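Listed below are the residues making up each chain.
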Amino acid sequence: MVKIEKKKKKTIPLSKRERKRYVLIEILNADVAEKDFYFGFWIELLGFFGSRGLAEINPRIVLYKNNKVIVKCKRGKETELIAGLGFINKIRNKKVILNPLLTSGTIKKLKTEAQMN
Amino acid sequence: MDIVYGQPLKELLQVSSYFKEQLIVLVNTELQEAAVKKKYLKTCFLVNEKTDLNKIKNKRKAVIGGSVAANEFAVKIGANYLLQPCNEKQFFDLGLAKKLSENNITVVLMFDELRGKNSFERHLYWKNYLEVVNYCKRKGTKFIVASGGTDPLALRPRKVRRALAEILGLPKEKAKEYLSEEIK
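Chains A and B supply the protein sequences, listed in that same order. Be aware that the first sequence starts at 1, since it is given in this note's numbering, and climbs by one per residue. Be aware that the second sequence starts at 1001, since it is given in this note's numbering, and climbs by one per residue.
Hints may be right or wrong, so weigh each one.
As the list claims (entries may be wrong) - PhoX-like cross-link-like pairs, simulated, lysine-lysine; straight-line CA separation at most 20 Å:
1) B:Lys1098 - B:Lys1139
2) A:Lys95 - B:Lys1117
3) A:Lys77 - B:Lys1176
4) B:Lys1039 - B:Lys1010
5) B:Lys1127 - B:Lys1117
6) B:Lys1010 - A:Lys95
7) A:Lys77 - B:Lys1172
8) B:Lys1117 - A:Lys90
9) B:Lys1055 - B:Lys1037
10) B:Lys1061 - B:Lys1184
11) B:Lys1137 - B:Lys1098
12) B:Lys1142 - B:Lys1076
13) B:Lys1184 - B:Lys1038
14) A:Lys95 - A:Lys68
15) B:Lys1010 - B:Lys1038
16) B:Lys1059 - B:Lys1184
17) B:Lys1061 - B:Lys1076
18) A:Lys74 - B:Lys1172
Claimed, not checked - Example chain A residues on the side facing chain B (calculated, C-beta under 7 Å, incomplete):
19) Glu80
20) Gly86
21) Lys95
22) Pro100
What the hints assert, rightly or not - Ranges of calculated distance between the beta carbons of each label pair, as one might list FRET restraints:
23) A:Pro13 - B:Gly1116: 43 to 49 Å
24) A:Asp36 - B:Glu1121: 25 to 31 Å
25) B:Asn1134 - A:Glu5: 56 to 62 Å
Rather than coming from a laboratory, the hints here were simulated on the basis of the structure. Being a predicted model, the structure only gives us computed values, none of them experimental. The beta-carbon is built from N, C-alpha and C at its ideal position, and this holds for glycine as well.
Kindly produce the complete structure, drawing on both the sequences and the hints.
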């Protein structure tokens, strides 16, 4: 009889994972709900970069607090992400300006900078 | 440095001081210039073929491109800025880039105009500006991305404009250098 052994799924070790960058963004001029921001952000970036470009950037919203957002992206693609922010001028018919404040390799630094703890 | 069209000056001043950015407001008449100067902002005259150039000697001049004649006119009068040298059609070439470089004229992409286009027109704009930046890079012509809106909320932070110039193909150091130029 063949013994079937269940193997535990191993997570990829930290050193072998893809490098990423975190960008701290400030939303100026309007109070925007997290869901609305998510939608507006996605639509504009998708419109400009297309599905392939957006997949390469791979942006993810990590944290949203007090009109400040931390967005994660692939390392080396932060320039594209920041450039894409320029195209966002309205979220839910509220005019906004997205101001990239800081880029970092760790989330901790951005949290302390934005006082998000 | 950022270039915008004339607009509500109070709000403009608020937003620009938040971004800590030196603003150049494009004006058509001396009356507008006086109003802008009251707010301690820099001005630049929008010039076309009908403008009397004797009146605005020794002042900053900008020409809106978008045709071969307009682009050549900017070189002829020795303007400081050539705004929007091309649109959905290409009017920019290597020869013009060389002439602009010799006359120390800065090529400006007005970002608000690009942003307002639909996706089809936008791709044509983008394609043409990729060529413009390539020519500017080869001939050493200055190129900047400016906000260029008629609304204070169309102002874009320097980081965003620098990133746009970079993804258009301008080297990182050059994009930073051209945008951080201060005007006396």
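Hints, one by one, checked against the model:
A distance of roughly 6 Å separates the Cα atoms of Lys1098 (chain B) and Lys1139 (chain B); the hinted pair therefore holds under the 20 Å criterion. Annotation: proposed proximity of Lys95 (chain A) to Lys1117 (chain B) holds, straight-line Cα distance about 17 Å (limit 20 Å). For the given pair, Lys77 (chain A) sits about 18 Å from Lys1176 (chain B) by alpha-carbon distance, which is consistent with the 20 Å threshold. Restraint check for Lys1039 (chain B) and Lys1010 (chain B): satisfied, since their Cα atoms lie roughly 8 Å apart, inside the 20 Å limit.
For the hint linking Lys1127 (chain B) to Lys1117 (chain B), the alpha-carbon distance of about 14 Å falls within 20 Å, and the restraint holds. Only pairs whose Cα atoms come within 20 Å are accepted, and Lys1010 (chain B) paired with Lys95 (chain A) is accepted, the gap being roughly 18 Å. Between Lys77 (chain A) and Lys1172 (chain B) the alpha-carbon distance is near 14 Å, which keeps this suggested pair within the 20 Å criterion. Note on Lys1117 (chain B) and Lys90 (chain A): the hinted pairing holds, with a Cα-Cα distance of about 15 Å set against a maximum of 20 Å.
Restraint check: the Cα-Cα separation between Lys1055 (chain B) and Lys1037 (chain B) comes to about 17 Å, which is no more than 20 Å; the hinted pair holds. Taken as a hint, the Lys1061 (chain B) and Lys1184 (chain B) pair is honoured in the structure, with Cα atoms around 15 Å apart against an allowance of 20 Å. For the hint pairing Lys1137 (chain B) with Lys1098 (chain B), the CA-to-CA distance comes to about 10 Å; that is within 20 Å, so the pair holds. Simply put, Lys1142 (chain B) and Lys1076 (chain B) have alpha-carbon atoms about 17 Å apart, close enough for the 20 Å limit, and the pair holds.
For the given pair, Lys1184 (chain B) sits about 16 Å from Lys1038 (chain B) by alpha-carbon distance, which is consistent with the 20 Å threshold. For the given pair, Lys95 (chain A) sits about 16 Å from Lys68 (chain A) by alpha-carbon distance, which is consistent with the 20 Å threshold. With a C-alpha separation of about 11 Å, the suggested pair Lys1010 (chain B) and Lys1038 (chain B) falls inside the 20 Å cut-off, and the hint holds. A threshold of 20 Å between alpha carbons decides the hint, and for Lys1059 (chain B) with Lys1184 (chain B) the separation of about 12 Å falls inside it, so the pair holds.
Distance check on the hinted pair: Lys1061 (chain B) and Lys1076 (chain B) sit about 12 Å apart at the alpha-carbon level, within 20 Å; holds. The straight-line distance between the Cα atoms of Lys74 (chain A) and Lys1172 (chain B) is roughly 19 Å, inside the 20 Å bound, and the hint therefore holds. Residue-level restraint check for Glu80 (chain A) holds (minimum Cβ-Cβ distance to chain B is 6 Å; threshold 7 Å). Taking 7 Å as the C-beta cut-off, the interface hint given for Gly86 (chain A) holds, the closest approach to chain B being about 4 Å.
Checking Lys95 (chain A) against chain B by beta carbon gives a least distance of about 5 Å; that is within 7 Å, so the hint holds. With a cut of 7 Å, the hint placing Pro100 (chain A) at the interface with chain B holds, because the nearest CB-to-CB distance is about 5 Å. A hinted range of 43 to 49 Å for the beta carbons of Pro13 (chain A) and Gly1116 (chain B) is consistent with their spacing of about 47 Å. A hinted range of 25 to 31 Å holds for the C-beta pair Asp36 (chain A) and Glu1121 (chain B), which are about 27 Å apart.
For the pair Asn1134 (chain B) and Glu5 (chain A), the beta carbons lie near 59 Å from each other, so the given range of 56 to 62 Å is met.
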